[in-house]
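Model the placement of chains C and S on the given structure of chain F, informed by the hints.
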Amino acid sequence: MTVLGGAQALWFVSRGSGLALLVAFSAVVVLGVAARLGSAPRRWTTLATGELHRTLALFCVAFLGLHVLTAVLDRYVTIGWAAVVVPFASRYRTLAIGLGALAVDSAGAVLITSLARQRLGYRAWRAVHWLAYLAWPAAFAHAVTAGTDLRIWWAALTEWGCAAAVATAIVARLLARARGPFSEPPAMPERAGRIR
Amino acid sequence: MTGDSGARLRVDPIACDGRGLCAEALPELITLDDWGFPITSGQPVPAWLLADARETARACPKLALRLEHLRSPQPARHPGSQPRSGL
Amino acid sequence: MPPAGSSGHVTALDGIRRPGTLPRLLPGSPAAGPVGLAAHLARYGPSSSALGRQRRRELIAEVGRAGLTGRGGAGFPAAGKLAAVAAGRAPAVIANGTEGEPASSKDKVLMARSPHLVLDGAVLAAELVGAREAVLVVHHRVREIMDEAAAERRHAHLDRVKVTIRTAADRFTGGEASAVVHWIEQGVPTPAAKPPRLSERGLGGRPTLVHNVETLAHLALIARYSAAWFRSVGTSAEPGSMLVTVLGAVREPCVLEIAIGTPVGQVLGLAGGPSAPLQALLLGGYSGSWVNAADAAGRPFSSAGLADLGAGTGAGLIAALPADACGIAETARVVRYLAAESAGQCGPCLFGLAAIAAELDRIAEGRITDLGLLRRWLGQVDGRGGCAHPDGAARLVRSALRVFGAELSEHAAGWCRGAGSVLPVPPGRPR
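Chains F, C and S are the protein sequences, given in the same order.
1 is the number of the first residue of the first sequence in my numbering; add one for each residue after it.
1001 is the number of the first residue of the second sequence in my numbering; add one for each residue after it.
2001 is the number of the first residue of the third sequence in my numbering; add one for each residue after it.
Quick caveat, the hints were computed from the structure, so don't treat them as lab data.
Just so it is clear, CB atoms sit at the ideal spot from N, CA and C, and this is done for glycine as well.
Take these hints with a grain of salt, some might be off.
If you want a taste of the chain C side facing chain F, the calculated C-beta under 8 Å gives, among others [stated by the list, open to error]: (1) Leu1021; (2) Gly1042; (3) Pro1044; (4) Arg1058; (5) Pro1061; (6) Lys1062.
Bound-form chain F, shown alone (with noise of 0.2 Å):
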């Protein structure tokens, strides 16, 4: 194995940090769907499921950050800062780049009202977290198209896992809505005997 030069070294950071990003984006939808499933009301949500979408959110930000910075900076693509966020304002594959900074401004439109959620209400805090399904599946296609690592075995592996996890949240969302608001409530104490 070679010492990756300087210039390389931005692109394979570049590529590295696009893949985290995508499994811990698809981490927090899954967790974020996950919340409304089960037949009790409480089965799948936890404290723990809750915060660790909260959570694993944030450090979306961070992988975003450094994969943005690193992809923008690096000299032998051109990727100007606007087209980071303004879809398909670049040059340098368009459509690929494109889908990338719409994942970014419907994510960060999620984002942004989620932190600031109890001054907004909960209406418009839920209306705008829709964006998420917006958001996922543009990062996705962002990823098979503009990422060049499909054609390596374990990354094509993990980004179509992503997906798979995804989708099997989703459908079995979608089943338990069907149920109603509220399901069957956790089973009654048992009786403890005859009157008085």
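For chains C and S alone, coordinates are given in the frame of chain F:
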């Protein structure tokens, strides 16, 4: 810190879905009824639990748990209770 | 004690003709059909004006002096609500004639016989708080009568305020004040979260006054005849008259207007007296309380008079349970209905009332039950819903456990005295 914080936990029963995160996060103040829905005592939150109460209200997925500030802070009720360490 | 007096009208020295004694709200004659506008004005005189801020303030103060409280069951002072809403911007006024309680008929009868009095009150309330419109939400059975009365008034250009009539939702919880607002705004009769209060933010986000139609009828008469007149019947703590629905084991089930504080036995007598020996009375409504019939007979029908029996006047219901009926079975049927009528928004109400209803069914059927568990659940639903629905059901069940102790033992031994049903419960609806 001993004494009351002048704040009280309240559940909006219409917003609440009975997910139970609050009782997990703050078992000192919140218990669940036989159907999984939170019961709050209505008593002021002790000062040493105020930060936890705030975090718990933030963690509620439906924003049904609210921390209400009472108009005048209550005098210390349990002078003997020990504060949590590491607050 | 209600004062004795001549029936019919009294012309006082100031020349104003006032109803001498009762009835005040209902027409004196038993003939069917609504009282038309001309007859209404002939009986009561012209409605009073509420022009100008000074006059409005005076009238609200007069209502305060009269001590009028809500006749929808909650009993809040009317003047307080009027003042609170009058202080707001662009207020709205809703007259609540939903009467979601299946056993109660007093609001329907009031609207069917004296629609103009209700309209007078609604219009006056709108003028008092500075609203441009009064919305009346009325039970479907009286919709046509109210529409015709409103049309009569429009023809006569009687009101400065716009009057809108809407049909109420056909649900028990639909009569709750915030549910009425929700019904008007979105066609869904479910109660809304309580802060903010309706007097601050209600219909369309505006300060909203919601009053029972009977309360508004009294309001219309207080404005005409004064607080002193209003207080001339009733007790000093609870002045005025009220409408009651008397049903069950009485010879002539009916809606009556009585002075508050009239002895319960006398009220039963006005309905023809008991048709069989009575064991218990249900007072207030399906969210009210059972009381032992012998204990209650001599008591004044007022909140103060019934308080130590654990009951109140509520929505003015008196249901008589004969000795050969089973109070437990009746309660179980009513609670099953109340559980089904939960708006389904709050877990403790939805699941708790269902559990309580199931347990009462078990008791009624003589199967093994756990009273400790039942009491635990009663404690867990009380005060934990978005409205007072579970509280009312808990109150009813607790009173049943108190009053029907003998029946509980009988059921535990495997037999029930009950034959047939007494209390009306509408058939189940698909959810």
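Results of checking the hints against the structure:
Interface restraint check: Leu1021 of chain C against chain F, minimum CB-CB distance 5 Å, threshold 8 Å, status holds. Look at Gly1042 of chain C: its Cβ only gets to about 21 Å from chain F, farther than 8 Å, so that hint breaks. Checking Pro1044 of chain C against chain F: minimum C-beta separation of about 21 Å lies over 8 Å; hint violated. Satisfaction of the interface hint for Arg1058 of chain C is found here, the shortest Cβ-Cβ separation to chain F being roughly 7 Å, below the 8 Å cut-off.
Evaluation of the Pro1061 of chain C hint against chain F yields a held restraint, the C-beta minimum of about 6 Å falling below 8 Å. Proximity of Lys1062 of chain C to chain F holds as hinted, the smallest CB-CB distance being about 6 Å (cut-off 8 Å).
Hint compliance for this structure: hints 2 and 3 are broken, all remaining hints hold.
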